[in-house]
Amino acid sequence: MALFTRTTRNLILKIDEFFDNIEIGLVVFREGIKSYLEKDHEVFLRHIQKLETLESNADKLQRLIENEMITHSILPQHREEVVMLIDALDEIMDVLKKSLDEFNIELPEIPESLNKHFINLTDASLSAAEELMPAARAYFRAPHTVREKLLKVYYYESETDKISRNIKTTIFHEMNDLDLAAKAHLRYIIHHVENISDLAQKAADRLSVMSIKLDM
Amino acid sequence: MILFFLTSGLFLGWSLGANDASNVFGSAVGSRMISFRKAAIISSIAVIFGAVIQGSGASQTLGDLGAVNALGGSFTVALAAAVTVFAMTRFSLPVSTTQAVVGAIIGWNFFTGNKTDSATLIKIVSTWVTGPVIGALFAIILFRMISLLKKKSNIHLIKFESRIRTGLLLAGAFGAYSLGANNIANVMGVFVPAFNLQELDLGFFSLSSNQQLFLFGGIAIAAGIISYSKRVMQTVGANIMQLSAEAALVVVLAHSLVLFIFSSSSLSAMFTKAGLPAIPMVPVSSTQVILGCIIGIGLYRGVHNINFRLAGEIALGWIITPVISGVISFFSLFFVKNIFSINVGNKVPDNIASDNIQIIADENISLIFRHLLSGVIIILIVAFILYILLENKKAREMKKSEEKFWHSIK
Numbered sequence: 001m002a003l004f005t006r007t008t009r010n011l012i013l014k015i016d017e018f019f020d021n022i023e024i025g026l027v028v029f030r031e032g033i034k035s036y037l038e039k040d041h042e043v044f045l046r047h048i049q050k051l052e053t054l055e056s057n058a059d060k061l062q063r064l065i066e067n068e069m070i071t072h073s074i075l076p077q078h079r080e081e082v083v084m085l086i087d088a089l090d091e092i093m094d095v096l097k098k099s100l101d102e103f104n105i106e107l108p109e110i111p112e113s114l115n116k117h118f119i120n121l122t123d124a125s126l127s128a129a130e131e132l133m134p135a136a137r138a139y140f141r142a143p144h145t146v147r148e149k150l151l152k153v154y155y156y157e158s159e160t161d162k163i164s165r166n167i168k169t170t171i172f173h174e175m176n177d178l179d180l181a182a183k184a185h186l187r188y189i190i191h192h193v194e195n196i197s198d199l200a201q202k203a204a205d206r207l208s209v210m211s212i213k214l215d216m
Numbered sequence: 217m218i219l220f221f222l223t224s225g226l227f228l229g230w231s232l233g234a235n236d237a238s239n240v241f242g243s244a245v246g247s248r249m250i251s252f253r254k255a256a257i258i259s260s261i262a263v264i265f266g267a268v269i270q271g272s273g274a275s276q277t278l279g280d281l282g283a284v285n286a287l288g289g290s291f292t293v294a295l296a297a298a299v300t301v302f303a304m305t306r307f308s309l310p311v312s313t314t315q316a317v318v319g320a321i322i323g324w325n326f327f328t329g330n331k332t333d334s335a336t337l338i339k340i341v342s343t344w345v346t347g348p349v350i351g352a353l354f355a356i357i358l359f360r361m362i363s364l365l366k367k368k369s370n371i372h373l374i375k376f377e378s379r380i381r382t383g384l385l386l387a388g389a390f391g392a393y394s395l396g397a398n399n400i401a402n403v404m405g406v407f408v409p410a411f412n413l414q415e416l417d418l419g420f421f422s423l424s425s426n427q428q429l430f431l432f433g434g435i436a437i438a439a440g441i442i443s444y445s446k447r448v449m450q451t452v453g454a455n456i457m458q459l460s461a462e463a464a465l466v467v468v469l470a471h472s473l474v475l476f477i478f479s480s481s482s483l484s485a486m487f488t489k490a491g492l493p494a495i496p497m498v499p500v501s502s503t504q505v506i507l508g509c510i511i512g513i514g515l516y517r518g519v520h521n522i523n524f525r526l527a528g529e530i531a532l533g534w535i536i537t538p539v540i541s542g543v544i545s546f547f548s549l550f551f552v553k554n555i556f557s558i559n560v561g562n563k564v565p566d567n568i569a570s571d572n573i574q575i576i577a578d579e580n581i582s583l584i585f586r587h588l589l590s591g592v593i594i595i596l597i598v599a600f601i602l603y604i605l606l607e608n609k610k611a612r613e614m615k616k617s618e619e620k621f622w623h624s625i626k
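Line order of the protein sequences matches chains Y and R.
The first sequence maps to residues 1 to 216 in the working numbering.
The second sequence maps to residues 217 to 626 in the working numbering.
One should not assume that every hint holds.
Computed cross-link-like contacts, BS3-like style, restricted to lysine-lysine with a CA-CA straight-line distance of at most 25 Å [unchecked claim]:
#, chain 1, residue 1, chain 2, residue 2
1, Y, 152, R, 620
2, Y, 213, Y, 34
3, Y, 14, R, 446
4, R, 615, Y, 213
5, Y, 168, Y, 60
6, R, 368, Y, 60
7, Y, 34, Y, 14
8, R, 375, R, 254
9, Y, 14, R, 489
10, Y, 60, R, 367
11, R, 368, Y, 213
12, Y, 14, Y, 213
13, R, 620, Y, 60
14, R, 620, Y, 213
15, Y, 14, R, 367
16, R, 563, Y, 14
17, R, 620, R, 254
Label pairs and their computed distance ranges (CB to CB) [stated by the list, open to error]:
#, chain 1, residue 1, chain 2, residue 2, range
18, R, 364, Y, 59, 35 to 43 Å
19, R, 594, Y, 206, 36 to 44 Å
20, R, 364, Y, 158, 35 to 43 Å
21, Y, 80, R, 335, 49 to 57 Å
22, R, 610, Y, 119, 34 to 42 Å
23, R, 623, Y, 104, 41 to 49 Å
24, R, 621, Y, 162, 56 to 64 Å
25, Y, 119, R, 621, 51 to 59 Å
26, R, 592, Y, 73, 46 to 54 Å
27, R, 251, Y, 40, 53 to 61 Å
Hints listed in this document are in silico derivations from the structure and should not be mistaken for laboratory results.
Here a beta-carbon is modelled for each residue, glycine too, at the ideal position from N, C-alpha and C.
Bound conformation, chain Y alone (with noise of 0.2 Å):
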């Protein structure tokens, strides 16, 4: 019995740690977005650094708490569900370290005057990775809030895509000065960090189907 309440513990705070790390992760790309935007390299090479260190660290955790739910049969009836929620939050750490080794590698030329833009849009699709936070942390404690929470990840997801639509919208039709291969890079960068949001949401569409079944 002492031995599996000690696993218990441990796979709380695993689980605790994994969503610690999602949560760094998201300040640390807004971080190195700002610094790669305000042209600081150095800044933005340690968030690169930092980033990587923990999704190197959120991977080990995703399976160390898979591990341990198989092996201790831990949460028999919901444990599919929970890996695959643990898998989406960890997609979401692999885009971010991803697309802020794509800034990294292809040095995309953004207008300073897209600057601002670049930071809402980063901002929001930021916000809704980091409502889907609390709630994830809910469907553990009190899965009758889960929903309610959600609703704001819903709602910054939305405010991503007509970011994005805007910036692309002034990109294609009002910068002239800009050629069609820096205008498809800005596009393709401006997708990659729209990604985020999408990911939140399927994310949140998962979360809300378990928090249901659990609470029936």
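Given the coordinates of chain Y, assemble chain R onto it according to the supplied hints.
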């Protein structure tokens, strides 16, 4: 020969273990909260303790229904009930051993021309109705309590599940103990008047004649649990209604409480002391009680959650069971009496108390019993040690493979 007659009782015990143990841990195993292996080990140990410590309460009532007064009759009655239960279990239908035994005893009454005591029959049949109803009420109350507690405490899902699992193990052990205490009467009740064994002194405690019989019956039930109850457990737990972890706990707890109530003489005495009517000491149908509990939760959560077709099929089994068992018993008695010329019992004149008819076993039987018990206990201890060793080996291998995995990941 006398010991051979006992085999049908042991077969019935095995059938009861294969079938009725599913009622105790079925919901827990069906909801995948507890592995079948763990459930089988716990319920086997608890059922033996329940049978030996508290088994005598309910066996008296079956004797009142029809005191089978020849060992050949006891053998045939138990065999008829066992065949019925085994056949129904084969088709994965959770049947009631109580009803099979009651049907077989009534079959004996018909064959020998004895009157079936209608008062006792009504007492038994009434528990077939009250058992599930009380089970449903207990289930609703307990489910409401647990749901409120969960919502108010904001407990972490994994911690809550861990508590539920511990609760399931404890409630399951209690349920198996109550099953042994209540249902051993079905298995060995018909043999009680036929045996009078010497008291067995085991040093720190001693076993009376009945307790020795009940111990054998308990071991037979345990064998049934380990060897054949897996399929029925999955039917009870998964097919009637999809049970959540807390619902599984409630079902096991409510079922255990009902069984305990109908087999605890001290609780009945407390009721009488308080001026309330005494609780009848009757072997209740654990199948019906468990179904009552599951339906109680289903009703609480919404009727659409219940698989009524399967529930109906099981209910049909309850009517068919005593009828089939009675018919098999009647024809088997005819066969045993006329083909093998074995005395299966006779009509008891109304003015003779059935308790006076008893077959006294000699000292040799007690000695054989003693040797058999020692043999079984030694086998059990060896099996237990082997099991622990194998489990340890498996755990070590798993740890090794884990370390290898994490090493390669790094």
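Notebook entry, point to check: Within 25 Å, alpha carbon to alpha carbon, are residue 615/R and residue 213/Y?
Noted result: Answer violated: residue 615/R to residue 213/Y is near 34 Å, above 25 Å.
Check: Between residue 594/R and residue 206/Y, does the C-beta distance stay in 36 to 44 Å?
Finding: violated, 55 Å
Margin query: For a C-alpha distance cap of 25 Å, please report whether residue 620/R and residue 213/Y respect it.
Written below: With Cα atoms ~37 Å apart, residue 620/R and residue 213/Y exceed 25 Å; violated.
Notebook entry, point to check: Within 51 to 59 Å or not, the Cβ separation of residue 119/Y and residue 621/R?
Noted result: violated, 43 Å
Notebook entry, point to check: Does residue 152/Y pair with residue 620/R here, judged by a C-alpha cut-off of 25 Å?
Noted result: violated, 43 Å
Next item on the list: Determine whether the Cβ-Cβ distance between residue 364/R and residue 158/Y falls within the hinted range of 35 to 43 Å.
Entry: holds, 37 Å
Checklist line | Given pair status - residue 446/R, residue 14/Y, alpha carbons within 25 Å | finding: With a Cα-Cα distance of about 34 Å, the restraint between residue 14/Y and residue 446/R is violated, given a limit of 25 Å.
Next item on the list: Starting from residue 375/R, check that the Cα of residue 254/R is at most 25 Å away, please.
Entry: Status holds; Cα separation ~20 Å.
Notebook entry, point to check: In this structure, is the beta-carbon distance linking residue 621/R and residue 162/Y contained in 56 to 64 Å?
Noted result: At 46 Å between Cβs, range violated.
Margin query: With the threshold set at 25 Å, check whether the alpha-carbon distance from residue 14/Y to residue 489/R stays at or below it.
Written below: Not OK: residue 14/Y and residue 489/R at ~55 Å, beyond 25 Å, violated.
Notebook entry, point to check: Is the Cα-Cα distance between residue 168/Y and residue 60/Y 25 Å or less?
Noted result: Violated. Residue 168/Y to residue 60/Y sits at ~37 Å, over the 25 Å cutoff.
Next item on the list: Just tell me: holds or violated, for the beta carbon distance of residue 610/R and residue 119/Y against 34 to 42 Å?
Entry: violated, 56 Å
Checked against the numbered hints given earlier, this structure breaks hints 1, 2, 3, 4, 5, 6, 7, 9, 10, 14, 16, 17, 19, 22, 23, 24, 25 and 26; the rest are met.
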